[in-house]
Structures are given as C-alpha cells and as structure tokens.
Amino acid sequence: MAIESDVLVIGGGLAGLTAGISAAREGAHVRLITHKQSTLRQASGLVDVLGYVDGEPVADPFAAVPDLPADHPYRIVGESGVREGLALFDDVTDYRGDHTDRNALVPTHGGTVKPTARYPASAAAGLASDDRDALLVGFETLVDFDAPLAADHLGAAGAPFAADGATVRFPGDLRPDAKVTRYAHLLDENRPVDVDGRRLPACEALAERVRPHLDGHERVGFPAVLGDDDPAAVRAALAAELGADVFEVPMGPPSLPGLRLADRLYDALDEAGASLETGVPVVDHEGGDRIERVLVDRKGATVPYAADQYVLATGGLVGKGVESDRGGVREPVFDCRVPHPADRYDWFEDGVFGDHAFARFGVDPDGELRPTDERGDPEFENVRAAGSVLGGYDFPAEKSGAGVSLATGRSAGVLATEAL
Amino acid sequence: MASTPHVAVVGGGSTGTGIARDLAMRGLDVTLVEQGNLTHGTTGRMHGLLHSGGRYAVSDRSSAEECIEENRVLREIAAHCVEETGGLFVKRPEDPEEYFEEKLRGCEACGIPAEVLSGREARRREPHLAADVEKAIAVPDGAVDPFRLVVANAASAGQHGARIETHSKVTDLLVEGGEVVGVEVEHGAKSGERVHGVQSGREQIRADHVVNATGAWAGRVAEMAGLDVAVRPSKGVMTIMNVRQVDTVINHCRPKGDADIVVPHETTAILGTTDEEVSDPEDYPEEQWEVDLVIDELSELIPILAEARTIRSFWGVRPLYEPPDVGSEDPTDITRDYFLLSHADRDGVPGLTSIVGGKFTTYRMMAEEIADHVCDRFGVDADCRTADVPLPGSEDVDLLRDYMDEFGLRSPIGRRSVERLGSRADRVLRTDEPNPVLCDCEGVTRAEVRDAIDDVGTDLNAVRIRTRASMGNCQGGFCCHRLAAELHPEHGEPTVRDSWDDLLQERWKGQRHALWGRQLSQAMLNYALHATTQNRDRDPAAGGPPLDYDAFDDGPGATDGPSDGRSPTATDGGDHGD
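Protein sequences appear in the order of chains S and R. Here the numbering used here is used: the first sequence runs in plain steps of one and ends on residue 421. Here the numbering used here is used: the second sequence runs in plain steps of one and ends on residue 597.
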C-alpha cells in the first residue's frame, strides 16, 4: 500500500506551487510535498521574467524569448508557455504589471533599480519610470536599507525623479535586532505606542516621525515591512496620514513580500483542491523506466507515496534540489544527471559576477521537461522537472528566476495531467 | 644626542608594527609605512597558531625555546588576542614511535610543559579525533588573532608618537653618498576621495635609519639600494572550516610533512598547510590539489573533516631565508630562524637594516633585537619594555565579562564583542544610538563597525580584519551592503559603492576554493541576493549607456510614457499605491 495521487509534486516553491495549481485545475488529484521552508522567503517577492539578455536590459521580455539559446527553459515552453504561466499567476494573485508587456523598473534596497515583469501592489507606487519625486524612509535598526544612501544611489543610476532619504526611529519599543515580522505586526495591529511624549496608534506614530522629512514629496518608500496580515490597510493608513502615496522597497531575506506571496499561492493550491504536506523529505525512489513510488520520511517513519506522474520542483543549489561535493554535481531525489565540468575549478569564474558555470547547474530536460541521461533520453518517462532544478539558464544574471518557475511549473503541471 | 633619531620602518606586519612600537616606546621618532592594510602580507595569511615550541622541539631547539618564552609573554601582554586552547601532537599507527619519544624529550629539554595522553584520554579532550589515534603529547599551544595583535601594536606605537601610514608603497630607497637616508613612498588613493592614509601622492620620508621588515618582500626593498637579500618565499594553503571541529590545536606527530595541523580560530578551524617555493610573493598559483591535500590528509586525524563545510581557502607566503652558503633544496629544510642583516656591516651601506625569516610567535623578540640594534647605532640608552607593558585592549583582562545587560546586546553577541575589544569594550560599545547587529554570522554590531571606520576610513577590508564582520558562513552575502552603508553620509555614494565592490570581490576570492556542497549553495544564494534582489551585477550607476527609463512600465495608472496599445485605466495617477 502507498499514499496515492495522480500527480505528486515534490517541492513547495514557486515552481512546485504553480505545477500543483495548474495540474489540480486541469482535474488531476494532486498532492504536493515539501521538505523545507519555501525559498520564497529568500526572494524579494518580485516576479522577474527576463530582465537582461547578454547583459543588455530588456524592456519587453516576451519579444526577447525567441532569441534565447535553444536549451533555455523558455525555448522549451515557448513564448506562449511563458505567457500562460504568467496568466495563471495573474489569476491567483493581485500582483501588478499585467497591463503591459513591458518590464517595470523597481528600486532595490541597495538603491539601484531592476527590471521585473510583475510586482506586488505594495511596490506599485515606487516604480522608477514614474517621474514623481520620492522620499525614502529607513529605520535606524533595520540595517538592510539605508534610505539616504539608496536615494543617492538612485540619483547615480539616472532615475528620472528626485529621491531624498531620511532615517527615523521606528515607533514602539522594538529591540535593535527585532525580526521584520515584529515591525509588520506592530503596524498591522496599529496599537498605541509612545512617541515624543504622546500615545498614538502605530501607523500614525510612524507618520509623525516621517512628516518632518516629507517636504512635498508625492510618494514615500519604506522597507518592505508594512504589514503582514493586511498590508493594503497599513499603506492606506500611512498614505492618509502623510497625504502621499506609500510604497515598499523589496528587501532581502527574510522577505515579507516573498512570504505573503507564498501564503497566497498555498491558498490557491488549496482552492484548486490539491493536498499539501510539509516537512517531509523524499529519501528514496523505486521503479525502472517509470517511477513507481517514492519513499518519504515522515517523522522518522518511511512512508511510500505512489503517483502516476511526478513533478520535480525541488529547487537549485540554494534549495538543495541540486547537490554537489568535491567530486561532482547531482540531483539527489531521483539521482538525475546534472551536466557540469569535470574539474571543479571550472565551475566558477574569478570575478564575483563572472559567467559562473555553477549558476547553470541543473537537470537537462527534453521537450516535455523530463530530465535526460547522457544519451538525451528521459531518465524516467513519468518525471518532469520545473523551476530552478532545471539547468541551462543563469537566473541571477538574466533576472528570470520567477518567470522560469511559473512557465515551467505550469507547463509541467499540464503535461503531467495530459499524460494521465 | 642632539636630536631624537628618526626611524622609518617598512612593513606593517607583526614584525614591523612590533618594531615601531618598541622604538616608539624607547622615545624614537618612528614612521611606519605599509603597502596595503596592516597584516597585508604574511601576517594576515597565517593560521593563527601561537607556538608552544613543540613543533620545533626535535628539529630546532633554539627556536623551540624562543617560542615557549614568547608564548608566555604574549599570554600576558596580548591577552585579548590569545585563546589558550592548548595543543596536541597526535600519533597514528603508522607514525614512528621514535619520533614521538624524541618530541617528548625535546619538549622537556626546552622547558615546554608536555604531558603524554593515551588515545582514549586524547579523544576525551577532542571527541572527533580518529579512533586509531594511539596517543598524544599535550603542550601549551594557543590560537592568536594576528589582526587584532598587529592593530594593537600599531595603536600602541601611535600612542607613543609613531606615524602609521597604510596603503603607502615604498617606491624607492633614498641613497646619498653610499648611505640610505630615507624612503620614497606613494600614498595610495582610490577613485575620488578614497584616500586611505593621512595623505595621498608621493612623499620622501628622510630618516636616520631605515628598517626593512617586509618579510617575503625584503629582497625587493633591499634591491632598491642595490643590495642582495635572497629571501626564498614559500607558499602554503590554509583552508577554513565553518565551525570548530576541535577546540585544541591538533598537530600530526611525524617528522615533517604537509597538511599536518588544525588550529581552532574564533568560530572556525583552520587547516594547514603546504610548503612550495615560489618566485614571486604576490603572484603564484592557488591550486585545487593543495586544498584537497589538506582536507584528505587531516581527515585521517579528524575523520569528520572529510564531509565538513569549508568556507574559503587562502594562501600565505613564508619569508624564508637562509645564509647564502647553505643551499637547501626543499623549503621545509630551510630554518625558521630569523636573521638581522646589518647592511652597514654586511655590505658597507649604512642606514639600512633588514630583518628576514622568523616566526609570528617570536615577532616581539625579533622586534626587540632590531630595536636594540638601532638604539646601539645611535647610542640611545633605553630599555625594551614591550614584554612587560600590555598592548591596548589587554590592559585589564578582568573586563572580559558578560556585557549582555550593560549594552543591551544579547548574551553571546555581547560576550564576543567584549572578547574582540578587550578593555576597549566600554568606550566602543557605550553608545546612545541603537546598536543592531550588522554581521549575523560573527555577531558584529554597528558600534564596533563604526569604531573600526573611525580608525581606517573607507577601507572595508581593514574594517573586516578589525571586527571579523563578513568572515563567517555567508562570507559577506548578508552584510557587505550593511557595512558599506555605515560609510555614508560621511563619504559620498560613489565612494561607498566602490568600497562595497572591493569587499564583495575580496570575499569572493577566497570562497572560490570552497565551492562545493553547502558553501556552493551559499555562493549561489549570495549571487542570487546580490544579482537578483539587488541587481548589483547590472547596476545602471556602474557605467555603460544610461538606462532608458521611458521604455519601461511606469505603472497601470500612468498617462505619460510610451503607449503599449492599451488605454490607461486612470488619468489622475489614482491607481498608484494600491
């Protein structure tokens, strides 16, 4: 006996969730299992599709897809596959950017800008092509965002608006090393806090601290900690107090926009009727040309899970869907081949942002996203791969990580269902 | 004497700063010049072993005696730089029994406290030692932070009136009438305002005497006066583990060989080393086999090293020297002793003395000998006090207590800060401003980073070696931008960005030798954070053609900008923000 489903998705990141949602919407009985926390908490929460090709900025990512190398995941799913992945995403989230094919430029917490295809509503007022002047506000204790420096950096990056920066003390009595969720919850709850000898609701108190720096700026950007449960309400409250639009500047880990996105996608998975189990690693697999079942570690017990079709969405080097040692690189769940140079000193370049081979490590898929062996044949007829477990593309350089996950996740989900 | 002699010391490693401190304490007027950061050369690239002398107890007893003597001195004067780890010489079945006995007798003869432990007793101290380790000799080896020690020496020299110039490269020795009368230096400046030292540009520093304490570079400096000093640089690799597999220094008890020592150092353990003669102390190959060798060999002593996470590797260059008529073939045969070369006596060129060879552990003794020599030349009658007067930071070691409540720092962070700062902790940590942690891996707070910046300005590598920020598991992935931000607004945005880039690149350089397993995962995460989240790799501010902002989306409600064929949904920008 085994725990059975039509489609078993392994991995709970953007690709796995997209695969699970799309397969479930196609009518399959889907089960999604994850081992660790989703790497979405490490990501900014922006959805990049294609920001650069050969180092040149890309305004229209869809137009650039046909020029990519033949083994790029986008070439396997095609421009239509990219559009359908995004359409699914747009359907289940309230992200912005679907009104145009063009990329948006979003200010980063380091003070530069980057091209992205979809951005959360919270970042919408911050777009860098918008020429309204902006005030950036940082908090003394939130060390990842230095607002005056970021404002100067935006100037150096040629942004078409004037940016100023101010650093204020966050109201309320948070420790200097408080977690970002503490800031967010304080604003969500909007409880009274002491500020300059008065007691004010938290959002009002924050606005009080910012107001002296406002100086006519039409929009105000904060680090992305403006609420966890109801960020729209926090922004609205701040905007009303300040008489200016309010936006979030995406941050590094732990990323609230990334966590909010993960929550939204888990809800969508549930709404689509799929089941979900977290904290369960796959430890072994059985089968020959077809995977019959996988063995899952559940609190120390080894439990078999059987499915007709499998989607491998375990992530890349970061998510440990691709592993390495001094001798080589492999995909650990199904032991699929990961092409890589034999000498590990050929895995990297000397410059920190060189054209690193390791950035492209991942399984080598066929036209149906099935990982292939040395001869180019599918390793298993019923395993498809999606997201950063796929090789052949350098998502940090291209700014294509989320887009590849959406496009290949949706495609793998649909292909798996069609094969049932 | 009519006036105080002025001495120019070339070299900002342990020896150079030790000499500067000693001479300044004796009342001489000292200027020290260093081409890079303090510890830029060999000192910053060692494994941090404070020798007990046990290592030399068979081959070189006079060195062993010097080591144990200085070991005791440094525990007193540099307590905040030294961790009294103890050390073991462990014997595996294939290691010769005679050598073990010789080592033991040598330690006794040299006055090095030594105790024989059974294999079981050794494993009780260090549980990760291999099951077949037969026995061990326990000696008082220790770990020392070379950065902290050198900074403290320089600070002490400064307190006694010395001028310390880093990033100041000697471009020539001034020779007049067959005598060295000073140095010409090029003070470093990076783009714009990134002046590292007191000034930028070229300067002639005239001196009554010049001391060449440049280690592996000593031959190059001497050559500027037409003198031949045949230093034989020898490279060695050190591989850094992300945790301490051992809390004691572990030496392999065998006659000689590569890859035979593990030194616990702060949060890490350092594996070493190889010994390969090189022709150029600045340009030599850093090879994969060397990293593999230290891991493979030392895994025989400590098996978990085979699967453990390494975070980077670095290479150091030993300043080996032997008198011209010895002619050793193998660098491991060359003595670790030091040599004072008086160019007046040796070459008939007064005004210059070189110090070559030697070991970090005996830096203070070498400095004392040089300072005696210089004082003799000028008839200065002043005693050396460097063995008795504690270094700045070690004046009151009782201050090494838990500062958790006092500075609002969580317990382990407070303790680590105080360990790093020693008796300077009060002054640095007592701030009215919030003092959040900037480097999570090493628990370094803003107050410590600002203190270091006050000391060294825009050079974030110099900030790093003073604080350990960016030296942990993530190798700067999460903190480089935080450190850079502390330079602003005192320094302008382009300067901050330049410093930030330098630190990113420096952190990458050593990590390249650890790119497999979890450190490769970390490298990919860092790359994703820097390139994807921050877009550091394609920063429009970094140059190239300006970004055409108009070609990009300016929001669903915007009315200006190029049309993409769809009607704007609002005309007043009212859709912005939500």
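Hints are computed from structural coordinates only; laboratory data are not their basis. Take the hints with a grain of salt, since some may be wrong.
Incomplete in silico selection of chain R near chain S, CB under 8 Å [claimed, not checked]:
(1) A98
(2) H179
(3) Q307
(4) V456
(5) L457
(6) R501
(7) H507
(8) D521
(9) L523
(10) W535
(11) L544
(12) N554
(13) D573
(14) P575
Even for Gly, the Cβ is constructed at its ideal location relative to N, Cα and C.
Verification of the hints:
1. A distance limit of 8 Å between C-beta atoms decides the matter here; for R:A98 the minimum to chain S is near 29 Å, and the interface restraint is violated.
2. Below 8 Å, beta-carbon pairs count as interface contacts, and R:H179 has none with chain S, the closest being about 37 Å; its hint is therefore violated.
3. Hint status for R:Q307: holds, given a least beta-carbon distance of 5 Å to chain S, under 8 Å.
4. About 5 Å separates the beta-carbon of R:V456 from the nearest beta-carbon of chain S, less than 8 Å, and the hint is met.
5. Taking 8 Å as the C-beta cut-off, the interface hint given for R:L457 holds, the closest approach to chain S being about 6 Å.
6. Taking 8 Å as the C-beta contact cut-off toward chain S, the hint placing R:R501 at the interface holds, the least distance being around 5 Å.
7. Interface restraint check for R:H507: the shortest CB-CB distance to chain S comes to about 4 Å, inside 8 Å, so the restraint holds.
8. A least Cβ separation of about 10 Å between R:D521 and chain S goes past the 8 Å threshold, and the interface hint is therefore violated.
9. A cut of 8 Å between beta carbons decides the hint on R:L523: the least distance to chain S is about 5 Å, and the hint holds.
10. Because the smallest distance between the Cβ of R:W535 and any Cβ of chain S comes to about 5 Å, under 8 Å, the interface hint for this residue holds.
11. Interface restraint check: R:L544 against chain S, minimum CB-CB distance 5 Å, threshold 8 Å, status holds.
12. Here the hint on R:N554 is kept, as its CB sits about 4 Å from the closest CB of chain S, short of 8 Å.
13. The criterion of a C-beta within 8 Å of any C-beta in chain S is met by R:D573, whose closest approach is roughly 4 Å, and the hint holds.
14. Residue-level restraint check for R:P575 holds (minimum Cβ-Cβ distance to chain S is 4 Å; threshold 8 Å).
In this structure, the earlier hints numbered 1, 2, 8 are contradicted, and the remaining ones agree with it.
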